[in-house]
Amino acid sequence: MSDESRAVPMSVAASRPRGSDVVAQIKQYILDQRLRPGDLLPTESELTAAIGASRTSVREAIKSLSALDIVEVRHGHGSYVGNLSMNALVESLAFRGLLSTGTDGKVMADVVDIRQMLEQGLSPLMIETLDDIELANLRELAVRMRRLAMEGRPYVDEDRAFHIRLMRAIGNDLVVQLTEAFWQVQARVSPTLDVEPSDWLRTAEAHEEIVDALTARDADRLRAAFAVHYDPIRRTIADLYPAGEAGSTTSGADTVEEVS
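Just so it is clear: in the sequence shown, position 257 is 256 by numbering that gives the first Met the number 0, and no numbers are missing.
Keep in mind the hints are simulated off the structure, nothing from the lab.
There may be inaccurate statements among the hints.
To be verified - When the alpha-carbon atoms are kept at most 20 Å apart in a straight line, the in silico EDC-like pairs for lysine to aspartate or glutamate are as follows:
#, residue 1, residue 2
1, Lys105, Glu90
2, Lys105, Asp193
3, Lys62, Glu45
4, Lys26, Asp38
5, Lys105, Asp131
6, Lys26, Asp68
7, Lys105, Asp230
8, Lys62, Asp20
9, Lys62, Asp38
10, Lys26, Glu71
11, Lys105, Asp238
12, Lys62, Glu90
13, Lys62, Glu43
14, Lys26, Glu45
15, Lys26, Glu59
Claimed, not checked - Derived DEER-like restraints, expressed as beta-carbon distance ranges:
#, residue 1, residue 2, range
16, Arg35, Arg234, 41 to 47 Å
17, Arg54, Leu134, 52 to 58 Å
18, Arg152, Arg234, 31 to 37 Å
19, His74, Asp31, 47 to 53 Å
20, Asp103, Arg35, 40 to 46 Å
Bear in mind the structure is a predicted one, so any value in this text is a computation, not a measurement.
Beta carbons: idealized from backbone N, C-alpha and C, even for Gly.
Please build the complete structure, drawing on both the sequences and the hints.
Next up, the structure:
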């Protein structure tokens with residue numbers, strides 16, 4: 000980026016902003032300058048002069064923005080506009096999910112509901128956009144998951160790749176990011192739930208039925224396959240937190256209306 004594009008407006012506020020004000024002003028600078036992920040930000044000294052804040056306030060604001068992935072600090076190189084990922088959402092939800100496992104399990108039940116509703120709602124679009132090459136890739140992942148499950152081995156990487164591939168063909172980046180975020184939350188919390196090995200196998204096998212439904216271009220069958228896919232984890236949560244304590248609103252037999 001050119002020096003001119005990095006020039007900082009030098010209008011200093013009458014009183015020094017603090018805390019969230021500094022965070023807001025740095026975010027506004029990024030918007031005003033139309034910066035993109037990876038673009039270099041002004042130096043700490045330049046930001047201090049520009050917004051009339053103390054060096055300490057600017058430094059703390061940069062730390063806060065870094066935690067949100069709005070700013071990326073590269074030590075020895077400077078601060079850059081971050082990737083704007085959903086890492087903060089994942090960290091917060093995963094921690095809430097872990098806390099919830101000690102009480103009612105509701106957060107995890109909600110995450111499972113969201114994942115199922117998202118995939119069922121987008122089933123028609125998956126059928127429209129996934130071509131034969133992608134279906135072959137999904138089939139390969141599904142078969143590998145079943146084989147690993149039969150051997151009592153984890154299939155975390157394959158499962159993540161499967162669900163991301165389902166969404167990527169749709170062409171909506173936010174949907175892919177949401178899928179990744181909720182998958183990450185479930186992946187972090189699931190090991191604390193003592194899921195039975197047989198349920199891991201059933202879940203793995205459900206991926207093959209998902210591919211079968213996609214291949215048949217059958218939206219109703221696909222929605223049903225997604226419900227079956229989430230049945231084992233839903234049942235595990237219900238067993239750990241009986242009498243409906245987990246608060247799930249979507250049963251394994253439920254489906255949602257397609258997204259238009």
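Hint by hint, which ones does this structure get wrong, listed from lowest number up? 5, 18, 19
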